[in-house]
Amino acid sequence: MARTPSPMQTDVLIVGAGPTGLYGAYYAGFRGLSTIVVDVLPQAGGQVMALYPEKEIRDVAALPSIRGRDFVANLVEQAAAYEPSYLLGRQAVALVHEDGKPVVTLDDGTVINAEAVVLTAGIGTPTPRPLECGEEWLGSGLSYFVVDPSVHAGKDVVVVGGGDSALDWADALSRIARSVTLVHRRAAFRGHAATLTRVRDSACVIHTDTQVTGLHGDLAAGRLEKVTLRSKAGEESLVAADHVIAALGFISDLGPLREWGLELAGRSVAVDRAGRTNLPRVYAAGDLTDYDGKVKLMSVGFGEVAIAMNHVAVDLDPDLTLFPGHSTEGA
Amino acid sequence: MSYVIGAPCIDELDRACVEVCPVDCIYVGDRKSYINSNECIDCGACEVECPVDAIFVDRKARKDPELKAFLEDSRAFFDEPLPGRDAPLGDPGGAQKIGEIGVDTEFVTNFSA
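Chain order of the listed sequences is E and C.
If you want the working numbering, it's the 1-based position in the first sequence plus 3.
If you want the working numbering, it's the 1-based position in the second sequence plus 665.
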């Protein structure tokens, strides 16, 4: 029987838990608004955590230099004063209006009734880069993530890719799988040196300068048996495989919000100076947005989301003033 | 602002950059690859991946004539019709969607270091 959970209620729903969304969560709280933050990624921090968690950020006011991961931790801590709810690893797939108010549905069926929605989705939704062959095996012998490593216990697994995800999974699975074969198209791995050392020291068999060119088995039964590997030199070999995990990185695009009736400007959402989109009670801020003179920087996103959230506060309660007062007056 | 691929890519065409670009804005020609400056989000992921250090940020081109030539050539790759084509590539919104282009600008075709 289909489960129909009752909708969640919030003053503000923030879509995107990158720096702009996280600061928006702080700001919504500062304006007395309850907040839910949704992000398709399993962790907060957006591009900073996905692309450069270990790099130093030097262009944010009052922070001469801070590591990406620490920067995100600070934003989460700042917002935590107002206890926002995080729904991570879930994608906002639909936005409609009921009685003039936004209703957002997530990919797991969760429905959120919001007084206002603030979109801080940056470069949009990351989708996995596909393996060049064997897409028909997706869902049986081929996947792009490891959700539960234990399903690979005692199995023959082929991991494809050269970044941190591929190395992390090869490392983790080499302890429980019957065999792990790591296949990378290039000679050098991108991931952490320490993880690579662990993988090299494990029973994992590494093929560099090599691609997966075929998946073979009983497709109807969903039973993968082996894969063809082809080296740069043109040598082919067959490797036993119950499962292929393709960790080839992500490509981002606007994703579902392209279909929500928002006025778009190329890859961006058009907003006015208050951060309002063309849809009622739907605002946007940060890298997602565009207007004449826009510069896509975190510093700018922080300012934009503060502007938007102050307007949200007044739009929801016209008795409030646009100027929020000073945070120094708080506890 | 955008990243630009310079001369070292020519005939190297490793494609490591293509694999890491989070917005899929690196298009493969015949001898080299080209970054679409309108689609580039300046994340810098490609710069560190390039095995031959061919990728530079566009502002470095201001004082370097060779880099400047590649910056302008990168724009031309998208803004002007490539040899054998009637229309410019423009901003296709993703390299994977349209496949490898397989042709270079005249500047790159005729380039010799």
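If you are wondering where the hints come from, they were derived from the structure by calculation, not from laboratory data.
Misleading hints may appear alongside valid ones.
[Stated by the list, open to error] In silico contact screen, one side only, chain E against chain C (beta carbon under 8 angstroms); selected entries:
(1) Val150
(2) Gln214
(3) Ala236
(4) Gly252
[As the list claims (entries may be wrong)] Derived pair list, reagent style SDA-like, types lysine to any residue, alpha-carbon separation capped at 20 angstroms:
(5) E:Lys299 to C:Lys762
(6) E:Lys235 to C:Ala778
(7) E:Lys299 to C:Leu678
(8) C:Lys762 to E:Lys158
(9) E:Lys58 to E:Ser302
(10) C:Lys762 to E:Asp62
(11) C:Lys762 to E:Lys104
(12) E:Lys235 to C:Lys762
(13) C:Lys762 to E:Val317
(14) E:Lys58 to C:Cys708
(15) E:Lys299 to C:Ala752
(16) E:Lys235 to C:Arg696
(17) E:Lys158 to E:Glu135
(18) E:Lys297 to C:Asp695
(19) E:Lys299 to C:Ser667
(20) C:Lys762 to E:Ser143
(21) C:Lys762 to E:Pro129
(22) E:Lys299 to C:Asp695
(23) C:Lys725 to E:Thr130
(24) E:Lys299 to C:Asn775
(25) E:Lys297 to E:Val63
(26) E:Lys299 to C:Pro673
(27) E:Lys58 to C:Ala752
(28) C:Lys762 to C:Phe776
(29) E:Lys235 to C:Asp729
(30) C:Lys762 to E:Asp256
(31) C:Lys762 to E:Pro133
(32) C:Lys762 to E:Lys297
(33) E:Lys58 to C:Arg696
(34) E:Lys104 to E:Lys297
(35) E:Lys235 to C:Ser702
(36) C:Lys762 to E:Lys58
(37) E:Lys58 to C:Asp756
(38) E:Lys297 to C:Met666
Note that the Cβ used here is the ideal one computed from N, Cα and C, for glycine as well.
Hint check:
{"no.": "1", "hint": "Val150", "in the structure": "violated, 22 angstroms"}
{"no.": "2", "hint": "Gln214", "in the structure": "violated, 12 angstroms"}
{"no.": "3", "hint": "Ala236", "in the structure": "violated, 16 angstroms"}
{"no.": "4", "hint": "Gly252", "in the structure": "holds, 6 angstroms"}
{"no.": "5", "hint": "E:Lys299 to C:Lys762", "in the structure": "violated, 25 angstroms"}
{"no.": "6", "hint": "E:Lys235 to C:Ala778", "in the structure": "violated, 27 angstroms"}
{"no.": "7", "hint": "E:Lys299 to C:Leu678", "in the structure": "violated, 30 angstroms"}
{"no.": "8", "hint": "C:Lys762 to E:Lys158", "in the structure": "violated, 34 angstroms"}
{"no.": "9", "hint": "E:Lys58 to E:Ser302", "in the structure": "holds, 17 angstroms"}
{"no.": "10", "hint": "C:Lys762 to E:Asp62", "in the structure": "violated, 34 angstroms"}
{"no.": "11", "hint": "C:Lys762 to E:Lys104", "in the structure": "violated, 36 angstroms"}
{"no.": "12", "hint": "E:Lys235 to C:Lys762", "in the structure": "violated, 25 angstroms"}
{"no.": "13", "hint": "C:Lys762 to E:Val317", "in the structure": "violated, 43 angstroms"}
{"no.": "14", "hint": "E:Lys58 to C:Cys708", "in the structure": "holds, 12 angstroms"}
{"no.": "15", "hint": "E:Lys299 to C:Ala752", "in the structure": "violated, 30 angstroms"}
{"no.": "16", "hint": "E:Lys235 to C:Arg696", "in the structure": "holds, 18 angstroms"}
{"no.": "17", "hint": "E:Lys158 to E:Glu135", "in the structure": "violated, 23 angstroms"}
{"no.": "18", "hint": "E:Lys297 to C:Asp695", "in the structure": "violated, 35 angstroms"}
{"no.": "19", "hint": "E:Lys299 to C:Ser667", "in the structure": "holds, 12 angstroms"}
{"no.": "20", "hint": "C:Lys762 to E:Ser143", "in the structure": "violated, 25 angstroms"}
{"no.": "21", "hint": "C:Lys762 to E:Pro129", "in the structure": "holds, 15 angstroms"}
{"no.": "22", "hint": "E:Lys299 to C:Asp695", "in the structure": "violated, 32 angstroms"}
{"no.": "23", "hint": "C:Lys725 to E:Thr130", "in the structure": "violated, 32 angstroms"}
{"no.": "24", "hint": "E:Lys299 to C:Asn775", "in the structure": "violated, 36 angstroms"}
{"no.": "25", "hint": "E:Lys297 to E:Val63", "in the structure": "holds, 17 angstroms"}
{"no.": "26", "hint": "E:Lys299 to C:Pro673", "in the structure": "violated, 29 angstroms"}
{"no.": "27", "hint": "E:Lys58 to C:Ala752", "in the structure": "violated, 41 angstroms"}
{"no.": "28", "hint": "C:Lys762 to C:Phe776", "in the structure": "violated, 28 angstroms"}
{"no.": "29", "hint": "E:Lys235 to C:Asp729", "in the structure": "violated, 36 angstroms"}
{"no.": "30", "hint": "C:Lys762 to E:Asp256", "in the structure": "holds, 12 angstroms"}
{"no.": "31", "hint": "C:Lys762 to E:Pro133", "in the structure": "holds, 12 angstroms"}
{"no.": "32", "hint": "C:Lys762 to E:Lys297", "in the structure": "violated, 28 angstroms"}
{"no.": "33", "hint": "E:Lys58 to C:Arg696", "in the structure": "violated, 32 angstroms"}
{"no.": "34", "hint": "E:Lys104 to E:Lys297", "in the structure": "violated, 28 angstroms"}
{"no.": "35", "hint": "E:Lys235 to C:Ser702", "in the structure": "violated, 31 angstroms"}
{"no.": "36", "hint": "C:Lys762 to E:Lys58", "in the structure": "violated, 31 angstroms"}
{"no.": "37", "hint": "E:Lys58 to C:Asp756", "in the structure": "violated, 30 angstroms"}
{"no.": "38", "hint": "E:Lys297 to C:Met666", "in the structure": "holds, 12 angstroms"}
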